Amino acid sequence: MSGGDAAMREYGAGQAVPTFEDPAFTPLAKPLSEARVALVTSAALHRPDQDRFSPSDTGFRALHRTDRNIVMGHWSPNFDHTGFQIDLNVVFPLDRLEELAADGVIGDVAPRHFAFAGNQPETVSEVRLDTGPACAQEMLSDGVDVVVLTPV
Amino acid sequence: MSTLAHVFEAAGLSTIVLASMKEVAEKMAPPRTLYCEFPLGRPLGRPDDAALQRDVLERGLALLEATGPVFETHPEVIESEETPLACSLPPRFDASLPPSVDEAQGLRSAYDRAVEARGHTAVGRAIGVDEIPAALTVLAQWADGAAWKEVPLPGKNTLAVGHDIRAYYTEAALELADGPAPGGRAVEAWFWEETEAGKTMMGARTALKDQDAPFPFWFYMAPGHR
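Protein chains in written order, with the numbering used here: chain V, 27 to 178; chain B, 23 to 248.
Isolated chain B, as found in the complex:
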């Protein structure tokens, strides 16, 4: 972002960076910076909080009055929510299936409602929604010791498939959960700590690592701190 600010400024545009990483913005010193200590991925603060979003924009635009480089910090700090989202999961339905596959199938109606309401889905980088159970089946096999080179993953790309599975679960969870918008990382915590799919993906990730699969194949399947 700061790189683009310098490029745009050189082209004759006036820029404002809503920075989320303080040290990076300080080092790169874009012309006008409003540092906001908000959850990463939420540069305007909170979803469904129009007043805060507008305040962030107005404070950013106010930096245009400065006659030289300026760095200010938004007064509000918003911490990410590390407690898992309260979202119930479907009960075991078909005991012949791996738990994560059974679970994913049980979430399908919630996912379909979510897509109906939104009009679009983030699922589809590597696989479509109908392939989610098949992908989880393979990931469960990897987690149980199958050789990843011998049991191919639908969609092939572990990172893209991981995004598709997480997007499927996220869209279903946001449809199922009641109450105000969850804080940053609450859905992440729910996925990795409470769902069978999260356990399956983490198991597959560990198995890839143990089988000496290339680092980018497995590392970015999950947030680095997990």
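Extracted from the complex, chain V is given alone in its bound form:
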């Protein structure tokens, strides 16, 4: 590894991270072939008609399973944005989830998927205490069992 990715990974490795005492572990209580799966990304994705992410945005945007008209609103210049420009599945694999559901590997694709902005305040307390739990409730109300998280 060299160049920008190596620099960013080295930077990330040295950053302080929030700690979680006694973290929860939720086993999947049904077969995967019956589970409903949602995507959540930190790529600050949104439809053009939705509010853009501000540089200090701690909120999230809901995207429908049929949405493909999506832009990346992340503020960092330190990672590749072009892969997403070419094929949104490299960040937000909605088409792959549909295929897994059609093939019976997973039970169903959730009706809504969610995007946060990865560039959060250091304490991430808003995401931890406010918007993260709110997003979880949205997914529970949609009958979601499994969440696949994709970073950028």
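Fair warning: there could be bad hints in the mix.
[To be verified] Heads up, simulated DMTMM-like pairs for lysine to aspartate or glutamate below, C-alpha to C-alpha not over 20 Å straight-line:
1. B:K49 to V:E47
2. B:K49 to V:E36
3. V:K56 to B:E87
4. B:K49 to V:E148
5. B:K44 to B:E98
6. V:K56 to V:D168
7. B:K178 to B:D200
8. B:K221 to B:D116
These are calculated hints, taken from the structure and not from any lab test.
Treat the numbers as computed from the prediction; the structure is a model and nothing was measured.
Dock chain B against the given chain V, drawing on the hints supplied.
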């Protein structure tokens, strides 16, 4: 991402993190992690590679069989491409304009084709496509020594305008370039190393720094390692 995994798990959801930073994921220890050493910004590996994307998802979903916290690594490593994308730039057309302004205008038809094909554009955080030449004109003036406080930038926010200019160039370049999807950072290398707009933005960034503009105004105009 790992923070959200812990929050969601506490709410009763089963999560899988496709991690891109190994040490961060190890320290934050989300319940199920598939570490993928892929280019940053491409957590599923490669655009237009459905087989790899599906493999990543299936390996991630397989972690649901574990009865406790689990951390696995995807066997494939994908390096970012640091060689600039092969994409020709328009020849000089109007010598009375700053080179980057002339260049940006020359890319407009490719950009318009790209937007027509995609149906949307990432340009528009601070300025619309019609303001790209005016923004580059001001950035070129800054690079040539004009005081940033006295020569205002259309759209004002240097970071947002920088994203708009890069998005404009990226969308045009992906329309112009032939061949398979470029690797991570190939378009970045093309923009910063080969385009006049890249040179203008880097010159403006240096000028802002030299004029003691606030750090966030200029630092994030370009990738940190550049």
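Consistency of the hints with the structure:
{"no.": "1", "hint": "B:K49 to V:E47", "in the structure": "holds (12 Å)"}
{"no.": "2", "hint": "B:K49 to V:E36", "in the structure": "holds (14 Å)"}
{"no.": "3", "hint": "V:K56 to B:E87", "in the structure": "holds (11 Å)"}
{"no.": "4", "hint": "B:K49 to V:E148", "in the structure": "holds (15 Å)"}
{"no.": "5", "hint": "B:K44 to B:E98", "in the structure": "holds (14 Å)"}
{"no.": "6", "hint": "V:K56 to V:D168", "in the structure": "holds (16 Å)"}
{"no.": "7", "hint": "B:K178 to B:D200", "in the structure": "violated (35 Å)"}
{"no.": "8", "hint": "B:K221 to B:D116", "in the structure": "holds (18 Å)"}
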